[in-house]
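Place chain B on chain A using the hints.
Heads up: the sequence lines are chains A and B, in that order.
Under this note's numbering, the first residue of the first sequence is numbered 36, with each subsequent residue one higher.
Under this note's numbering, the first residue of the second sequence is numbered 15, with each subsequent residue one higher.
Heads up, some of the hints might be wrong.
Said to hold, decoys possible - Simulated coverage check for chain B against chain A, where a stretch passes if three residues somewhere in it have a Cβ under 8 Å from a Cβ of chain A:
id, stretch
1, 25-34
2, 45-57
3, 244-253
Stated by the list, open to error - The calculated label-pair distances, taken between Cβ atoms and stated as ranges, are:
id, chain 1, residue 1, chain 2, residue 2, range
4, A, D567, B, A114, 27 to 33 Å
5, A, G485, B, V33, 33 to 39 Å
6, B, T46, A, G485, 19 to 25 Å
In short, the hints are calculated from the structure, not lab data.
Using N, Cα and C, we set each Cβ at its ideal position, and we do this for glycine too.
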Amino acid sequence: MQSTDIRQPDYFHKVVDCQWACPAHTPVPEYIRLIAAGRHADAYMVNWKSNVFPGVLGRTCDRPCEPACRRGRVEETAGHPPEPVAICRLKRVAADNKGDVSALMPPPPKSKNGKRIACVGAGPASLTVARDLAALGYDVVVFDGEAKAGGFIRTQIPRFRLPESVIDEEVGHIMNLGVDFRSGQRIDSMRELLTQGYDAIFVGCGAPRGRDLDIPGRHEAAKHIHIGIDWLASVSFGHIHSVGRRVIVLGGGNTAMDCCRSARRMGGESVTVVVRSGFDEMKASPWEKEDAQHEGIPIRNYLVPVAFIHIEGQLCAMQFQKVRPEIDANGRRQLLPTGEPDVEIDCDEVLIAVGQENAFPWIERECGIEFDRWGLPKLDPKTHQSTVKNVYFGGDAAFGPKNIIWAVAHGHEAAVSIDKMLHGEDIQDRPLPATVMISQKMGIHEWSYGNDITDAARNKVPWAPPSLTLNNIKVEVELGFDQNLAIKEAARCLNCDVQTVFTLNKCIECDACVDICPMDCISFVANGEESDLRQRLTAPALNLTQDLYVADGLKTGRAMVKDEDLCLHCGLCAERCPTGAWDMQKFLLEMTHAGPGCRSGAGLTVKVAA
Amino acid sequence: MTYLAKPKLHHPSLKPNKVGFTRRDYEGRISTLCAGCGHDSISAAIIQACWELDIEPHRVAKMSGIGCSSKTPDYFLGQSHGFNTVHGRMPSVLTGAYLANSELLYLGVSGDGDSASIGIGQFVHSMRRGVNMVYIVENNGVYGLTKGQFSATADAGSKSKKGVVNTDSPIDLVSLALQLGASYVGRSFSGDKAQLVPLIMGAIRHRGAAFIDVISPCVAFNNHAGSTKSYDYVREHNDSVNFLDVIEGKAPIEVEQPADGSLIEVAQHDGSILRLRKTDPDYDPRDRIGAMNFIARHHAKGEVVTGLLYVDPDAVDFHQHLGSVGTPLNKLGTAELCPGPTALDKLNASLR
Numbered sequence: 036m037q038s039t040d041i042r043q044p045d046y047f048h049k050v051v052d053c054q055w056a057c058p059a060h061t062p063v064p065e066y067i068r069l070i071a072a073g074r075h076a077d078a079y080m081v082n083w084k085s086n087v088f089p090g091v092l093g094r095t096c097d098r099p100c101e102p103a104c105r106r107g108r109v110e111e112t113a114g115h116p117p118e119p120v121a122i123c124r125l126k127r128v129a130a131d132n133k134g135d136v137s138a139l140m141p142p143p144p145k146s147k148n149g150k151r152i153a154c155v156g157a158g159p160a161s162l163t164v165a166r167d168l169a170a171l172g173y174d175v176v177v178f179d180g181e182a183k184a185g186g187f188i189r190t191q192i193p194r195f196r197l198p199e200s201v202i203d204e205e206v207g208h209i210m211n212l213g214v215d216f217r218s219g220q221r222i223d224s225m226r227e228l229l230t231q232g233y234d235a236i237f238v239g240c241g242a243p244r245g246r247d248l249d250i251p252g253r254h255e256a257a258k259h260i261h262i263g264i265d266w267l268a269s270v271s272f273g274h275i276h277s278v279g280r281r282v283i284v285l286g287g288g289n290t291a292m293d294c295c296r297s298a299r300r301m302g303g304e305s306v307t308v309v310v311r312s313g314f315d316e317m318k319a320s321p322w323e324k325e326d327a328q329h330e331g332i333p334i335r336n337y338l339v340p341v342a343f344i345h346i347e348g349q350l351c352a353m354q355f356q357k358v359r360p361e362i363d364a365n366g367r368r369q370l371l372p373t374g375e376p377d378v379e380i381d382c383d384e385v386l387i388a389v390g391q392e393n394a395f396p397w398i399e400r401e402c403g404i405e406f407d408r409w410g411l412p413k414l415d416p417k418t419h420q421s422t423v424k425n426v427y428f429g430g431d432a433a434f435g436p437k438n439i440i441w442a443v444a445h446g447h448e449a450a451v452s453i454d455k456m457l458h459g460e461d462i463q464d465r466p467l468p469a470t471v472m473i474s475q476k477m478g479i480h481e482w483s484y485g486n487d488i489t490d491a492a493r494n495k496v497p498w499a500p501p502s503l504t505l506n507n508i509k510v511e512v513e514l515g516f517d518q519n520l521a522i523k524e525a526a527r528c529l530n531c532d533v534q535t536v537f538t539l540n541k542c543i544e545c546d547a548c549v550d551i552c553p554m555d556c557i558s559f560v561a562n563g564e565e566s567d568l569r570q571r572l573t574a575p576a577l578n579l580t581q582d583l584y585v586a587d588g589l590k591t592g593r594a595m596v597k598d599e600d601l602c603l604h605c606g607l608c609a610e611r612c613p614t615g616a617w618d619m620q621k622f623l624l625e626m627t628h629a630g631p632g633c634r635s636g637a638g639l640t641v642k643v644a645a
Numbered sequence: 015m016t017y018l019a020k021p022k023l024h025h026p027s028l029k030p031n032k033v034g035f036t037r038r039d040y041e042g043r044i045s046t047l048c049a050g051c052g053h054d055s056i057s058a059a060i061i062q063a064c065w066e067l068d069i070e071p072h073r074v075a076k077m078s079g080i081g082c083s084s085k086t087p088d089y090f091l092g093q094s095h096g097f098n099t100v101h102g103r104m105p106s107v108l109t110g111a112y113l114a115n116s117e118l119l120y121l122g123v124s125g126d127g128d129s130a131s132i133g134i135g136q137f138v139h140s141m142r143r144g145v146n147m148v149y150i151v152e153n154n155g156v157y158g159l160t161k162g163q164f165s166a167t168a169d170a171g172s173k174s175k176k177g178v179v180n181t182d183s184p185i186d187l188v189s190l191a192l193q194l195g196a197s198y199v200g201r202s203f204s205g206d207k208a209q210l211v212p213l214i215m216g217a218i219r220h221r222g223a224a225f226i227d228v229i230s231p232c233v234a235f236n237n238h239a240g241s242t243k244s245y246d247y248v249r250e251h252n253d254s255v256n257f258l259d260v261i262e263g264k265a266p267i268e269v270e271q272p273a274d275g276s277l278i279e280v281a282q283h284d285g286s287i288l289r290l291r292k293t294d295p296d297y298d299p300r301d302r303i304g305a306m307n308f309i310a311r312h313h314a315k316g317e318v319v320t321g322l323l324y325v326d327p328d329a330v331d332f333h334q335h336l337g338s339v340g341t342p343l344n345k346l347g348t349a350e351l352c353p354g355p356t357a358l359d360k361l362n363a364s365l366r
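Isolated chain A (complex conformation) (with noise of 0.2 Å):
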């Protein structure tokens, strides 16, 4: 294998696993140092400038993160399997304890750029432009149908999962830039939207129409049956205080838990989820699911809805057909009749969540805008240019539902387009994101991160008691970490963006650092390919997701090769090490956002291979 080379910024970020894995790439291990340290404030800045709505995805977020955490492939806990740190949770500490940030917060520009920019929706992705481009002197307009900002944040996610103060806070952040926000200002003609001269318009109006079931007795008993995000929304907006005493929802995923557990609290005393696929299918997170149950709200898998059973309009039950699953011929898993007869639910009111679909009956065909066989845009899936140069998507209006840190992720990438484009730059030509590493040495044992590993099992964040939860939507289920539990919980983050740096020439090879490692990462060998090198190392490298770090050329000939997967980044490779040849290094990510550092001329301007 070729030495690795150390220098192109994706080798060490693929090295911190959580944040490889985060869309906008939130430097986790650094915030949670800083909770740890009690430094809530910093910890919220470095997640701001990152993610934007902290407080809202430290509650709320599908965190990608926490599945690729490294401490979840290496924990040894007694009868359960090792879990991650719980990251999401300590992200809410960080927004919880923060005090007052605005003194923290960028102060709107001093003067403007005279570029105007319209963003359609105010949902995460068009906010995450709005902030990026209103703090560089762009003039942003944020038009949206609802009277406040936040978009799916604030009329799709149950209050007792998110607090509305919450969203007003974050949003005021953006606001407070001096965004122009256009509430109560549905665009339903992109035609004329073009024709109001902005320079660059963003569509961030999200997925916004939710699936329908098209089975008998959907039209007769419309009364009693609703569209799951239409029936949330209309909760939030408090349009509706009750539902009937039996509820099913249909769907697994997230939206289907919000609707079950908001009508648990409506006053629905048997709810029941039921869902087409297993339980292990469902595309709602595993800790939603067992929200819901730990609610006692059963979850009944395999049933495929066949009618709803109606007396004059009057809903009274549901019919479903039970299936199995079966793996076909191409290796597809299909569900099949069991041939048993039908189950019947009974119920006063449904709903219906079964995913979504986006619509835009207001971008006119004319404008120039293609749209793909699923009916969605055709987009650059870097840059998110339409194929109207100045039109931009993101969120789930862009590659369909996904989200809240998808749509922030996506949001950055189209301000940096839009600030290109407005500085007349090729879109295409992204700078790599900056890096920095410094050496964590304090003396001879000393590092200025906590390398002691602890064995402590996840914290569980506390809950406030159900008879409060369940009877009130408003309350707050989950209290969030105390700042105790919180330092317990930031004390089980590996500090993988420490990295293991490796300099050949001060290599004496004198083994003691494949002596001490206690995961044996780490092997002197001849080198070879890459497949016969993973056989060969101290213990075999058997995941072959992450990287093996090689630096050949030794005096004896050989190579060093550390396979990334397992290092609990203690650093005792280096704290043996009689040269120096191996030091801890904090690796710190700076992506790159709309702003100077993304034009040419800002220094390192690397073409990054499509």
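Using the frame of chain A, we list chain B on its own:
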């Protein structure tokens, strides 16, 4: 020196051996030696060898004297018996322990100061008596704990870190052990575990005095240009005479014997087989006098001869020499220990 305990977490591929322990279970406390010390690699080799041989930790007694090397038994086999003796007196204490209980595995760990200077008399006698033990000298040629003076094994002409050239003749412990009758003699290098681990395994399986001289660079005081015990020097001058494989079990894997006799198999008394692949065609590890000559000739050329240098599979150990009881004293009952007046009379009569 490291302050933190080594994390308990380990690689998922780590397997338990036949007695249910993983390699990590054979570790001891974290080393307090200087970073990069060759001794730590030797500790790691001992850990590996004991794991591979399914040694039960509580059947091992680690004996040592004083010095950097003699501290190391704290850093491996944390669940074994141990005894840090007086400086240079480890061989006597080990001999006494062996006489009292021959059923333990005795692992003597010493250094060039402990064995070649203050304790050389003890070293000599434990070798010639054929005490059943594994005697490892972690040989760095300097007194590390007192800031790097030459020890008795430093080669003449070797330069100290301060620039002083050694003019005294060196003691070659391997040659000494051969001359004194040690029945398993090897030399290795802390930076070459592929060679060292099988040598230790063979020594553990050997009955009789097994001696291994391990050159173990002192990174603090003897790893510079001009030293003959540095990583670079030993790597450049290493003359390995054979590769050793220790094969256990009733039915060893058959291999084709090359016609040139480059493969030698030596069966030890416990059934294990030492399979040696010669890298030097002239070297026969069953010839004690030939070995002594070979080592002397090559040493004169500045080469460091390593490998399994001599083995006598038919060696007789100390208990057999003495005709003493092989059963551990703690297992002898009153009947054996006080056989009564008839037995005494018989003994007395035999001496009249």
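Here is what the structure says about each hint:
Only residues whose beta carbon comes within less than 8 Å of a beta carbon in chain A count, and the stretch 25-34 of chain B has 4; three or more means the coverage holds. For the stretch 45-57 of chain B, the stated coverage by chain A holds: 9 residues have a C-beta nearer than 8 Å to a C-beta of that chain, and at least 3 were required. Requiring three or more residues with a Cβ within less than 8 Å of a Cβ of chain A, the coverage given for the stretch 244-253 of chain B holds, as 3 such residues are present. Evaluation of the 27 to 33 Å hint for D567 of chain A and A114 of chain B yields a failure: the beta carbon distance comes to about 52 Å.
G485 of chain A and V33 of chain B have their C-beta atoms about 36 Å apart, which keeps the hinted 33 to 39 Å range intact. For T46 of chain B and G485 of chain A, the Cβ-Cβ distance of about 21 Å falls inside the hinted range of 19 to 25 Å, so the restraint holds.
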